[in-house]
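Spelled out from the first residue to the last, the chains are:
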Amino acid sequence: MMVKTTQDKTGQEAVGFRAIKAKGWFQAHKWLVFRRLTQLAILALFLIGPLFGMWIVKGNMASSLTLDILPLSDPYVMLQGLMTGNVPVTEGLVGVAIISIFYLLIGGRLYCSWVCPVNIVTDMAAWVRRKLGLKVSSPFSRSTRYWLLGLTLVLPLITGSIVWELFNPVSLMFRGIIFGLGWAWMVIIAIFLFDVFISQRGWCGHLCPVGAFYSLLGKKSILRVSASKREQCDDCNDCFIICPEPKVIRPALKGADKGISPLIDESNCTNCGRCIDICDENVFRFSSRFKS
Amino acid sequence: MSEKQSRGASVESGTGTVRNGTAVALNRRKFLGDTLKTACGAGLLGLGMGTYSRQVESTPAWVIRPPGALPENDFLGACIRCGLCVRDCPYDMLRLAELGEQVALGTPYFIARDKPCEMCEDIPCVAACPTNALDHDLTVIEDARMGLAVLLDQEECIAFQGLRCEVCFNVCPVEGDAITIEMHHNRRSGKHALFIPVVHSDACTGCGKCEKACILEEAAIKVLPMELAKGLVGKHYRFGWKQKKMAGKSLVTPDVKHHYNLPEGVKYDLNGKGLSLPPEANNEAPFSSNPLDSLKKLQNQENK
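Those protein sequence lines, which keep their order, are chains G and U.
For the first sequence, position 205 (counting from the first letter as 1) is numbered 880 according to this note's numbering, and the numbering increases by one without interruption.
For the second sequence, position 65 (counting from the first letter as 1) is numbered 101 according to this note's numbering, and the numbering increases by one without interruption.
No lab work stands behind these hints: they were computed from the structure.
Every residue, glycine too, gets a C-beta built ideally from N, C-alpha and C.
A partial selection of chain G residues facing chain U, derived with a Cβ cut-off under 10 Å:
hint, residue
1, M758
2, E766
3, L823
4, V829
5, I833
6, V838
7, S846
With the hints as constraints, model all of the structure from the sequences given.
The structure is reproduced here in structure tokens:
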């Protein structure tokens, strides 16, 4: 279907067309497919219980219990609670430790692209934006999310309640799908429209404090995308267009003459692997911090 | 970090190798301006969110938290809205507040009139809580204080009309302690009793069974949050009789033995027995209950 369109509305060659022609549709969407399957599988694990009465995983992303033995807890939500002066019980602390160590090693914002359900919405928004050829965007600073992160950790200190969790679209959407949405679907649509019409990659790329937290958590993580064959880059720009955090690519891809490593060593890379998919020259691949 | 990069990128692409004073000054000014803008925006947003949270967290009185829930303010800081308590409730009576409800988003609660707490002995909801928002120190369900049942409407409650109901008393899981029936004089009929249910806060767990079971269309007995239901006597208050009992004697003036001017041998007990005649006087009752005795007595007098 997408293969047939070679040009978007602005008359440019559609993003990814070259990759599909060179590698075939699946190879040009491999990591995207894996990610979607992972995201949906995680949701499904939580949904099997309430839908079919088979309790593999209980709870939601804030805290869960798998097979009645494995506790997993979101360190960001727990940290907000901690800021009010509340100390979790052992299960909670163990859950936080497991999740923290996982993202510390594998890559903080892996959470964003492989787990978070809002990512599906904002990716869709980015796709719509590309298809419509929308160029207008209200620029937020990409550092806004860190300000918001600070804010969400200061507010519990002042008010004594975890204020951000009254708003947080990430937990709202995940909990909503599992426990009942209420009016939460409106928030999801609002984020979609915000990303399409107001700000390009606005939510995940500029504002979301959850992503900001995980980016800090995974600052020194091992799993990295590497522009290992950057000499083959033919400047088609597809990776920059498809990347949810385009700034992370430039130093690794274009820094050869400055002696910068081809490793994308920026904590805001979400390890989504779209650059790997989209590149018909196979410049990128998953690698590790220890290989350069 | 991203600021540094954006500066690096603009120097690289935009101004090229020209790194004269003006370019750097402009960059610095832009950086400071952007930072200030973002900081102010974040501050305003924080003000809004904080204020909104104070409003939305004024939880309605009909919302009952699961057993062991910390006091509402602490609970809203400790509960991470994971829903594990909801999942582990064997009676499925807990729910998480959805967006648009009057309850703080994602927090667990139940409504007594819909489905009250069944007071499981092992308290699975508390055991499931990963943050101690449901206090793990609660190990005996009878110690839970989810709220306090209050017989709110003493006009509609049919017990006050002199009718026998006592359904709330009969369904109460803390049998005979949390709700007792006290008898009062029925002034309407003049000769019957009112069987009035009375809730005792030292035993009521606030489970809501009584509210659920109330036979009225709108329950006359309702579980209210503790802080709404309970009064508190001023700390300076002392009740004389309690102090006396604690100390074993009167703490004010020593009790003067009360003296009644009564005929010899006759006693008066203030605290119960009332008037009591001396034992020998009892034998000489003015009239026997047996009328024959009175006749014999008369005959004896005539014979004399």
